[in-house]
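K.L.:
Take these sequences, add in the hints, and give me the full structure.
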Amino acid sequence: MPNLQVMRHDIQGQTPCLTLYEHLSALQPPGSEPVCNRSPRIAMRATATYPQVDTPVVSSIALAFDYNPPSMSNRKIVTRFAPSPTGHLHVGGARTALFNWAFARKHGGTFILRIEDTDRARSTAQSTRAIIDDLRWLGLDWDEGPDEKADDPYDPQSQIGEHGPYFQSQRLDLYKEHAQRLMQAGRAYKCFKTPDELKAQRDNAKAEKRPYKYDRTESINLPQPTIDKYVEEGRPHVVRFRMPDHDITVHDLVLGDVTVKASELEDFIILKSDGYPTFHLANVVDDALMQVTHVLRAQEHLMNTPKHVALQEALGFESPKYAHMPLIFNADGSKMSKRDKAKTARAAAKEWMKQNNDNIDRLYHEIKEECAGYLDSIGLTKETLQDFLDKKTDDVLYPQAIARFLHIPLPEIDVNDFRLSGYLPEALLNYLALLGWSPGNDVERFDLDFLKENFDLKRIGKSNARFDRDKLLAFNTEAIAKLSSDEFHQQLIRHDGYSRSCTFQIGLGNRFRPFAACYRERSRTLDEPFANGQFFVTDDTKIEYDPKAIDKALLKNDDQGLAVLNDLQPPLESIPTDKWTASELEKTIKDYAQQKNLGMGKVAQPLRVAVSGSTVSPPIFDTLVILGKGSTLARIGRCLQLNTPQQQTEAS
RNA sequence: GACCCCGUCGUCUAGUCAGGUCUAGGACACCAGGUUUUCAUCCUGGUAACACGGGUUCGAAUCCCGUCGGGGUCACCA
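Those letters in the first sequence? Residues 51 to 702, per the numbering used here, in order.
Since the hints were derived computationally from the structure, they do not count as laboratory data. We put the beta carbon where it would ideally sit given N, CA and C, even for glycine.
Okay, the calculated beta carbon distance ranges per label pair:
hint	residue 1	residue 2	range
1	Asn491	Tyr424	47 to 57 Å
2	Ser427	Asp641	52 to 62 Å
3	Thr527	Leu222	47 to 57 Å
4	Lys256	Ile410	35 to 45 Å
5	Lys404	Ala613	38 to 48 Å
6	Asp520	Ile410	35 to 45 Å
7	Glu571	Glu433	42 to 52 Å
8	Asp445	Asp193	30 to 40 Å
9	Ser624	Lys404	48 to 58 Å
With a straight-line Cα cutoff of 27 Å, these simulated DSS-like cross-link-like pairs (lysine-lysine) come out:
hint	residue 1	residue 2
10	Lys598	Lys652
11	Lys226	Lys240
12	Lys441	Lys249
13	Lys442	Lys385
14	Lys598	Lys640
15	Lys404	Lys418
16	Lys441	Lys385
17	Lys512	Lys311
18	Lys226	Lys249
19	Lys388	Lys432
20	Lys521	Lys388
21	Lys388	Lys441
22	Lys637	Lys606
23	Lys249	Lys263
24	Lys249	Lys442
25	Lys442	Lys400
26	Lys279	Lys322
27	Lys279	Lys249
28	Lys640	Lys629
29	Lys311	Lys243
30	Lys259	Lys249
P.N.:
Following this line, the structure appears as structure tokens:
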């Protein structure tokens with residue numbers, strides 16, 4: 051048997067990251083009953099009966115028995131996306147997920163979806179569902195994690211993969227056991243300071259302009275009997291990790307080595323007073339137990355990484371490789387935040403108030419009228435509306451109600467916002483991939499398959515990127531142009547259902563297909579046909595006329611447009627309903643234009659305004675066909691009636 | 001403020017690691033022109049950048065130092 055000391059020495063530099071299951075099964079003679087099943091939690095319990103056996107020793111024994119530990123370098127690549135379920139998937143999160151997915155796929159590895167729901171106050175099951183849906187809409191899939199098809203993704207039985215459960219709220223024992231391990235080794239300790247106490251210390255330090263750092267002396271010098279007494283009394287406390295005294299270097303695959311001095315690092319909390327782990331502990335424990343080899347995350351996590359590396363050292367885990375990606379900002383350089391929506395809505399509402407004598411009653415009632423039934427479901431009352439305007443709340447649903455009433459667009463922040471605005475997942479993904487990454491060689495348009503083949507960590511950039519909606523729109527325009535007319539039709543049906551409760555399918559019936567057809571070549575988003583083609587489903591008697599359009603197309607040059615409409619009525623009337631086709635209309639209208647020596651513009655525009663209320667619509671013949679003979683003539687008639695000057699009407 | 005990261009057209013970026021082929025390439029936006037019944041497309045052309053200052057070198061966008069600028073972090077959030 052090889053010398054154990056030597057073996058320990060050998061593994062010092064590379065600390066094999068084995069799950070305890072592997073340690074223990076390695077010790078089993080072949081063919082014997084396994085000491086534990088695949089669950090790391092049970093493996094932990096198995097070792098607990100041998101408290102003197104810590105991880106490195108087990109590794110050494112494993113080595114001594116000719117067990118070949120899988121070293122990080124030749125192990126299968128494992129990445130994960132670990133969102134916290136506090137809302138829809140943010141575009142930044144989407145890019146993180148995309149890169150982790152692409153890296154795993156490129157190397158034939160495993161991609162894990164793990165839900166980090168250790169924030170009890172903010173995590174919701176609804177958000178988990180939303181994030182799963184957002185990821186699936188983007189076309190990203192995962193090898194381990196919650197099952198998207200399960201009725202209850204939280205059900206441990208339904209989760210996919212052998213390192214589950216994949217909800218941190220279901221792994222609490224595991225974190226406690228590791229925290230316990232650290233405490234036994236003197237690497238963690240209980241701290242009874244209250245949040246208020248600490249906040250006061252921080253505030254003091256700030257007021258005196260001196261840097262604040264948590265001071266461990268008091269806590270670590272607490273005599274054991276006192277600690278026991280406090281615990282018995284049920285005093286709330288947290289568990290802190292004792293930072294090592296040496297500097298920590300993070301070997302980042304994008305940024306290179308980043309060293310943080312020991313003096314800059316403080317003892318951070320690993321177990322909150324409610325017994326839940328903090329992000330740091332849970333993240334590190336899960337990455338190790340799930341055998342994650344590469345962590346691709348946003349640069350905002352860079353300063354967390356030394357903490358994680360220190361934890362990994364103390365726990366005997368090999369650090370995964372880290373790659374920190376540049377951040378994504380708004381076009382103006384501000385941080386892209388969910389609050390941007392609240393900000394926009396608030397500004398618009400305040401502007402409205404200014405023009406309406408600061409009358410909040412009226413604002414509330416008008417919103418209520420516009421969004422009937424919707425308000426109750428989101429709990430908007432006059433009081434909460436006031437709170438919202440006073441920035442006391444940033445509730446994500448209020449801005450939507452306000453925006454709907456004021457007809458203002460809200461900035462898209464979440465993946466779902468882009469979905470509602472009519473972006474195609476392939477366009478969003480393509481654009482997102484270019485934020486902080488580039489395949490080189492002037493290649494810019496590509497899909498998931500391309501990424502699967504070509505994604506390369508080396509090509510991740512270092513500097514922050516601004517989100518350019520114009521460019522995204524251009525990508526989306528191209529993506530839509532690529533769709534066949536049938537695909538476009540199907541997509542529109544889906545979008546009408548997703549964003550408008552099928553308003554257009556109900557309103558148009560079998561005219562939905564020609565409606566889709568005429569918008570296919572003039573849409574940059576899936577939403578434009580509905581936003582611009584509202585008049586198709588508006589009642590004939592409720593078309594609103596844009597005054598500028600009336601002036602320009604109907605009244606200019608001595609009511610030339612009105613005359614055209616008048617002239618056109620009889621010939622249109624004479625087209626039989628069953629011959630109301632584009633070619634027939636074209637013939638009739640062009641004949642008229644030729645006869646009067648008018649350009650098509652002079653004839654089409656008055657018609658367009660009469661039937662749609664504005665100067666913009668799909669090609670006029672298509673428009674008239676979709677509307678049908680009845681609607682067309684009814685609208686022309688009503689338009690003439692409304693816009694013919696008074697005297698003229700009286701004179702005739 | 002302290003610590004850390006970053007700095008090529010307005011924006012995203014190629015080029016930087018292995019200095020010359022870079023009078024710096026592409027995309028989006030913008031401007032001009034063309035196509036078109038409106039709109040949206042589409043086509044052609046154009047404007048536009050190595051943050052600044054030192055150094056190393058025959059030669060610097062590329063290597064080194066400094067300055068300035070931008071950003072991140074500093075929670076019982078993740």
